[in-house]
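Put together the whole structure using the sequences plus the hints.
Single-letter residue listing:
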Amino acid sequence: ETGVTQSPTHLIKTRGQQVTLRCSSQSGHNTVSWYQQALGQGPQFIFQYYREEENGRGNFPPRFSGLQFPNYSSELNVNALELDDSALYLCASSLKRGRSTDTQYFGPGTRLTVL
Amino acid sequence: DQQVKQNSPSLSVQEGRISILNCDYTNSMFDYFLWYKKYPAEGPTFLISISSIKDKNEDGRFTVFLNKSAKHLSLHIVPSQPGDSAVYFCAASATQGGSEKLVFGKGTKLTVNP
Chain A
17 ETGVTQSPTH
27 LIKTRGQQVT
37 LRCSSQSGHN
47 TVSWYQQALG
57 QGPQFIFQYY
67 REEENGRGNF
77 PPRFSGLQFP
87 NYSSELNVNA
97 LELDDSALYL
107 CASSLKRGRS
117 TDTQYFGPGT
127 RLTVL
Chain B
40 DQQVKQNSPS
50 LSVQEGRISI
60 LNCDYTNSMF
70 DYFLWYKKYP
80 AEGPTFLISI
90 SSIKDKNEDG
100 RFTVFLNKSA
110 KHLSLHIVPS
120 QPGDSAVYFC
130 AASATQGGSE
140 KLVFGKGTKL
150 TVNP
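Protein chains in written order, with our numbering: chain A, 17 to 131; chain B, 40 to 153.
Don't read these hints as lab results, they were simulated from the structure. Idealized CB from N, CA, C, for every residue including glycine. A few of these clues could be false.
[Said to hold, decoys possible] Here are the simulated distance ranges between beta carbons:
#1 113/B <-> 118/A: 21 to 31 Å
#2 150/B <-> 54/A: 21 to 31 Å
#3 75/A <-> 46/B: 37 to 47 Å
#4 119/A <-> 68/B: 16 to 26 Å
#5 81/B <-> 118/A: 16 to 26 Å
#6 51/B <-> 73/A: 30 to 40 Å
#7 44/B <-> 77/A: 19 to 29 Å
#8 95/B <-> 98/A: 29 to 39 Å
#9 53/B <-> 98/A: 37 to 47 Å
#10 28/A <-> 106/B: 40 to 50 Å
#11 77/A <-> 55/B: 20 to 30 Å
#12 98/A <-> 153/B: 39 to 49 Å
#13 73/A <-> 91/B: 37 to 47 Å
Now the structure itself:
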């Protein structure tokens with residue numbers, strides 16, 4: 017069974033640029049969630065995708081957007097990068113059955129630095 | 040407004056002793072609670088969870104206790120081992136129109152000394 021993978025591991029961008037982060041879900045999972053973890057903080061929920069549709073969103077501006085593909089892999093896109101976007105970005109996959117969702121399993125994260 | 044609070048940023052215990060990590064929450068809509076362990080340069084690893092209909096869940100050396108009236112949960116690790124040294128995050132699940140986002144505390148860094 018393959019776990020959750022993310023790419024790239026590290027990324028450095030400058031303010032105003034755009035970035036795309038990628039996530040491959042654990043085999044058999046149909047739901048992916050994205051979190052932002054700033055230094056010294058716990059992960060904060062950005063949004064969740066279930067069967068290619070957004071299924072819940074946290075308090076993040078529209079310049080944070082995502083996609084989920086038919087194979088359940090996912091992308092997180094951030095436009096017009098700001099210095100405060102520097103953080104560890106985590107994706108987590110899970111299996112949603114009916115109204116309940118199983119435990120979320122996290123990838124290793126992508127460390128984004130905005131200069 | 041922090042809905043999940045871990046008030047101890049760090050905890051240090053001796054190998055073989057009990058580690059107790061605490062977590063408080065404010066949102067009474069939370070119905071599922073989880074603990075994750077995180078090593079540097081890795082993503083959080085699921086450790087143990089508890090539903091709001093239970094007050095205790097045990098898995099090997101790890102036990103989670105839930106006190107709903109106090110809106111408090113704790114993770115007990117017995118006996119503690121040096122390999123348990125990591126940052127522990129408490130998380131609560133809030134169903135939001137079918138999606139179950141996790142709300143995390145800031146974490147407690149556990150150090151187990153040999």
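Tested hints:
no., hint, in the structure
1, 113/B <-> 118/A: 21 to 31 Å, "24 Å, holds"
2, 150/B <-> 54/A: 21 to 31 Å, "23 Å, holds"
3, 75/A <-> 46/B: 37 to 47 Å, "23 Å, violated"
4, 119/A <-> 68/B: 16 to 26 Å, "19 Å, holds"
5, 81/B <-> 118/A: 16 to 26 Å, "21 Å, holds"
6, 51/B <-> 73/A: 30 to 40 Å, "39 Å, holds"
7, 44/B <-> 77/A: 19 to 29 Å, "26 Å, holds"
8, 95/B <-> 98/A: 29 to 39 Å, "44 Å, violated"
9, 53/B <-> 98/A: 37 to 47 Å, "44 Å, holds"
10, 28/A <-> 106/B: 40 to 50 Å, "45 Å, holds"
11, 77/A <-> 55/B: 20 to 30 Å, "49 Å, violated"
12, 98/A <-> 153/B: 39 to 49 Å, "44 Å, holds"
13, 73/A <-> 91/B: 37 to 47 Å, "24 Å, violated"
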